[in-house]
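Protein sequences, first through last, are from chains A and B.
In terms of the numbering used here, the first sequence is residues 1 to 766.
In terms of the numbering used here, the second sequence is residues 767 to 1117.
Simulated from the structure, these hints should not be mistaken for laboratory data.
Short derived list, chain B residues pointing at chain A, Cβ under 10 Å: (1) E820; (2) E863; (3) E913.
Quick caveat: nothing in here was measured; it's all calculated off a predicted structure.
Note that beta-carbon positions come from the ideal geometry of N, C-alpha and C, so glycine has one too.
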Amino acid sequence: MVDNPYLAHLKPSQRGAPVAASSTNSDREPLFGFLPRKVKGEQVRKAMDHQLNPFNKQPHSAQYRKILETRKGLPVFSQMDEFLEIFSKNQIIVMVGETGSGKTTQIPQFVAYSDLPHTKGKLVACTQPRRVAAMSVAQRVADEMDVQLGKHVGYSIRFEDMTEPGTTFLKYMTDGMLLREAMNDTELLRYSTIILDEAHERTLATDILMGLLKNLARRRLDLKIIVMSATLDAVKFQSYFSLHQPGEEPSPAPLFKVPGRTFPVEVFYTQEPEPDYVEAAIRTVLMIHRAEDPGDVLLFLTGEEEIEDACRKIKLEADDLINNDPSSVGPLMCVPLYSSLPPQQQQRIFEAAPKPTQEGYPPGRKVVVSTNVAETSLTIDGIVYVVDPGFSKQKVYNPRIRVESLLVSPISRASAQQRAGRAGRTRPGKCFRLYTEKDFISELEEQTHPEILRSNLANAVLELAKLGIKDLVRFDYLDAPAPETLMRALELLNYLAALDDEGELTPLGGLMAEFPLDPQASKSLAKMLITSPEFKVSNDILTITAMLSVPNVWLRPPNQRAAADQAKALLTVPEGDHLTLLNVFNNYSQNKSDRNWAWNNFLSARALAQAENVRAQLLRTMERSEIELISVEDERKRNLGIQKALICGFFMQVAHKEGEKGSYLTVKDNQVVGLHPSCGLDAQPEWVLFNEFVLTKRPYIRTVTEIRPDWLLEFAPVYFDLSSFPDGETKRALQRIYNKKRGLPENGNGQNPPKLKKQKQKKDTS
Amino acid sequence: MSDEEEDYLSNRFLLDSERAGASGKTYSQLRKDAVKRALIKNEQNRVKSRRERELEAREEGLGKSLFERAKEADEKGSGSGNKGLAMMLKMGFKPGESLGQPEDPSKSERSLSSLTDHASENRESQSKSKMAHRTEPLPLNEWFGKEGIGSSRKRTISPSAAERVAKMAKMADDSAKEDFRDRSKREYEERRAEGRLGPVQRTCATLDEKAGIPFNVLWLHPGNADTFPPGLVEILSLRTTLDIQLNQEQQHQDDDARVRLRKQMQSDALGPISESNNVETSVTGVSGAEYTQDTLEEIEQFLRLQARDRLALVLSYLRDRYCYCFWCGTQYEDPEDMLGHCPGPDEESHD
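With the hints as constraints, model all of the structure from the sequences given.
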């Protein structure tokens, strides 16, 4: 392994000479006569039918031939000539292909045949918004090309690099990974073509990549870019990527369009708005079950609770129908689907619909009740009916009160179309929209807001700074975020000392950007990790960081809530949830021999394994950055150290208790918040630090740990500079502590601070 | 008890009443005013619930932009100013503007117009979004309850037919669950409501006709065939088992949950939108008046209700739509006027 994997490509390639120049004849060389980027469809088809695999020179397997036949049936395959021509002539292409067109698997292969990256020691990259997609598509394409995954075709996702430098020439990767690579190789020199897939999903990373690539295309004329989208509104991409030749009119990027392979979906609307969409959804599902031809149903609802509730009601009503009339109503299987569901239960959506109860009776039906994960990321075969109440839970960050909201809101028209499309994957289907057509047009927004408008940008800004983008105000955004969001991001990074007052990246900031943390996880984590050796707790902070970067580890199955809560109580550390997470991980490590430990303690084995992996990766980064790994034996000292290290990263996320009823005020923004029900604190300490401020049904702070206010003044004096505080109870409380610290009278009543306690604290810090 | 709230026998009231005499107010009006004032005061002094405080804090926080806050802090001379803002200003940001590259409108228009295919259909929305990068963060919109899309706005004016149907269904449901012991009380109330219903419905019909409404489900009285427009009875008898004259007895058979569910499902069967306009099954009465399936469904539901519930529906319709209180016998200027002067929506408050 080379020190910096991103620079591995700079090593001289073994396969430098272009194949076209080689003297072998076309029998031994399938790519004989291929001129890079001037390849015709005829040539490619011939090479694909060749005896030998052009890339590893092995004879093609029978499996290859079989897959090739099915590939030939894909809509995109019949347009290969057209694609290759456009590809030869243009630097940037916008491509539109609906679901089932085969664009994700085929286009990168076409590009590989035309671009011949392996002859130049370059790569073709194809980005995916999701890790799972990157992995599974890479596997599929490796099979299609008859090569081993990780050799000629590979994938690269956070914490997993399945490529072989020098051999891999087609790489599927998450958009976030490409962005990370760009931080170390701003020209992206190792790539000859970059394909941004699923651009319509408008993830934060894809949006930023589009801005970078648009700019890069002007400097690197040899770099080809393909933007692929599944929706028809490619105009926006086309005009964004229009070419501005000096002295010429800008012309929009050319469009390459492939029809999807979907069946028609008949769309129905209600005549009147529904007074209760859940009720209406249940009714509609039952109506379908009674009156429609066989075929599975997909119902979209918003969250776990709503989904479980609806499943229960549908089952009850359906049982009723069957009992009353078993000869005309078939059995019904109702399966919930949401991301926090344990994997083995998620698998149930792939089970077949139940058999008829008796011979000659109507066949059974499967009903999947899902959040919008089934809208894009997951395809369930056999769905013929879609019920769409028109809602989803959306994450929206608001910079004014620094809250991440997760609220139920109406979906967009684009999203509704996507949902409807799910009914037409296997045969003509029907989509029932539980709103009127008029409201579809007038009430729903055209597009879902891209992630860049809905996210906290602190990490993106740090990455851009690392990429050398200085002017974030005039950066060429496809959709520019709100100025206040940028302001908050810069402010946070400045307080964390990642950016100096001029907006320049500091060495500390550069180090923080190195940490391969989830883009959604706060950069405060990186800061905390880097400062943790000061408190001799870097080992523990490393664990906590890993635990905070993975999905929720706690399982709470609907029918075993009490047992799950009991198990959780046993692992809970009363001083704070961060310490609890540490405790969970340590217990997990100690019980590695017991395979059922996680299961018995209602913990997600998958999330814990992931945390272990993240921890190992972070450890490598720490070693590379020469951050010491220390831990303290004494538990009390350790906990104090952890609490202090937490403050170094999260001092901006502090809340102060107000009143008696367990409500807190967030510092500076003065938002009234409560402790999240999952919080394990046994009392209500006056000052707490939190990992997240979320707005769901109520405003909550989540993952909370008790802290001492004097630490705030000690470790974050700039942020807790009293003159910058809005007046209020929090400021008065801080003033008292400040006075106490300085030995001033606490409340003006002349009492001296208890000296003993203060000295004791000093000892801890030293 | 606060010192400010005086005993009603205190001198101040007597003095007030003298003064009021001059202003032409009666004693009872004064009393009403005083009660109102006390209510307002109570509202102000009440300890707010946490939920209210959460909302208030959120609204306050969301209502003020960070630029405004930075400006205020500057004016107060506190702190060292906002570092984030300072950096942005250095990058050339002007408060009030959006981020991103300044777009030359003519240019983008030209580039768009040269596009083929969907260009024309998407142009408008496209150029709009191109022009307007955001200057403000996305608002946090909370969707209250489980209402479907499109329903929330209508509710503020008057309940839509769909909601009324739902409400009626709930009423029917509630009465089915009723305790046996309540029956005699209910029967008494039923008879009383039955008696009131006639005049109330006549008032409703008069007001509706004045407003130019040709037909309203709420006019119908199962005991009085005159309230049915010609032909409606026949249409109804064709489609339901409901006997208009004898609805009391029929009621319980139909309440069987299974039948109700099926009926509801039939009526809710969604029609394809392309056909909905022409195929929508409408029945033409003898008189030529048309009733849609929905209206018929509503009529059926309405007639199946208890007299008491029907009375409540008509009364609340009068209040919501016409600001008319049957018990006061007064039509008020607006909802505020009604809130101020009508003692309450039910008969008891008018004793």
